[in-house]
Amino acid sequence: MSDKQEVSKRDSTEIERTDRDSSFVMLPPADVFEDAEGITLQLDIPGVAKDRLNLQANKNTLLIEGTARIEMPQGMEALYADVRSTLYRRSFVLSDELETDKTEANLKDGVLTVRIPKRAELRPRRIEVRAG
Amino acid sequence: MFGSLTNFESLFEEFRRMEQQMDQLFGSGTQPPAIRSVARGTFPPINVGAAADGIDVYLFAAGLDPKSIELNIQRNLLTVAGERQVPVNENATYYRQERFSGPFRRVIALPEDVDPDRVEAKYRDGVLQITTRRRESAKPRQITIA
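Heads up: the protein sequence lines correspond to chains C and B, in order. In my numbering, each residue's number is its place in the first sequence (first place is 1) plus 20. In my numbering, each residue's number is its place in the second sequence (first place is 1) plus 176.
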């Protein structure tokens with residue numbers, strides 16, 4: 021039963037791959053780190069300008085989607101291509117203590133930085149140990 | 177009960193089908209790679225496009241300081257070198273560190289007819305675009321019949 025599901029899944033990705041530009045999605049590399057105040061994500065999405073970036077943070081999920089625009093002369097043919105799509109997409113499941121309404125994002129030279137703060141009351145508190 | 181274990185014929189059929197799928201995905205594999213080609217996933221990813229009057233090279237290298245990129249061309253060999261330093265936050269816990277950090281160098285063999293004196297480069301939104309022109313004599317030319 022599960023084998024069948026695997027096979028049908030694989031078939032559908034192949035169809036996506038043949039229709040390169042429109043539907044083959046790239047997973048951008050990401051750094052994710054957490055400090056006392058919140059969580060920071062950094063993703064490489066070269067070629068994406070601010071107006072072609074879609075960033076959605078709801079209660080549970082953070083969705084990052086962008087379309088790269090590459091200037092190409094007319095009639096250009098690919099001799100070699102590591103990058104075979106223009107669509108980036110990646111999503112993360114968030115957790116309760118993050119304050120998604122206060123998410124901040126910055127895009128510079130193809131690097132997207134997303135900062136999600138933790139709720140003040142849920143930030144770790146340092147507990148003083150008193151010598152008895 | 178052991179029917180599936182003894183039925184080798186269908187097992188080999190299955191392997192053959194998988195091989196065919198792999199070949200479709202990654203090319204036939206009979207063509208040996210170019211001497212300067214690199215392993216898949218090397219930073220930065222590169223696309224090379226050819227038009228009638230020139231060759232364009234695109235490097236997908238986000239987060240670089242354009243002044244730090246070293247770009248050289250010798251005949252038809254284009255070399256791009258630089259360094260991307262991703263600062264590490266000492267006080268943070270890292271869950272993922274997938275982004276490339278460190279020096280890089282890539283050599284791209286362009287077609288022989290590229291004019292090394294007419295190369296332009298610009299860096300925008302994390303993509304370095306290098307535009308080259310073919311030598312005049314190499315361009316396709318319409319010949320009028322007198």
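Hints are computed from structural coordinates only; laboratory data are not their basis. C-beta atoms are modelled at their ideal positions from N, C-alpha and C, and glycine is treated no differently. Treat the hints with caution; some may be incorrect.
[To be verified] Derived BS3-like pairs (lysine-lysine); straight-line CA-CA distance at most 30 Å:
1) C:K79 <-> C:K122
2) B:K243 <-> B:K298
3) C:K138 <-> C:K79
4) C:K79 <-> C:K128
5) C:K122 <-> C:K70
6) C:K70 <-> C:K138
7) C:K70 <-> B:K243
8) B:K243 <-> C:K79
9) B:K298 <-> C:K128
10) C:K122 <-> C:K138
11) B:K298 <-> C:K138
12) C:K128 <-> C:K70
[Unchecked claim] Some chain B residues judged to face chain C by a derived CB distance under 7 Å, without partners named:
13) A215
14) A227
15) T269
16) V303
Checked hints:
| no. | hint | in the structure |
| --- | --- | --- |
| 1 | C:K79 <-> C:K122 | holds, 12 Å |
| 2 | B:K243 <-> B:K298 | holds, 11 Å |
| 3 | C:K138 <-> C:K79 | holds, 13 Å |
| 4 | C:K79 <-> C:K128 | holds, 26 Å |
| 5 | C:K122 <-> C:K70 | holds, 19 Å |
| 6 | C:K70 <-> C:K138 | holds, 26 Å |
| 7 | C:K70 <-> B:K243 | holds, 23 Å |
| 8 | B:K243 <-> C:K79 | violated, 41 Å |
| 9 | B:K298 <-> C:K128 | holds, 15 Å |
| 10 | C:K122 <-> C:K138 | holds, 9 Å |
| 11 | B:K298 <-> C:K138 | violated, 39 Å |
| 12 | C:K128 <-> C:K70 | holds, 9 Å |
| 13 | A215 | violated, 11 Å |
| 14 | A227 | holds, 5 Å |
| 15 | T269 | holds, 5 Å |
| 16 | V303 | holds, 5 Å |
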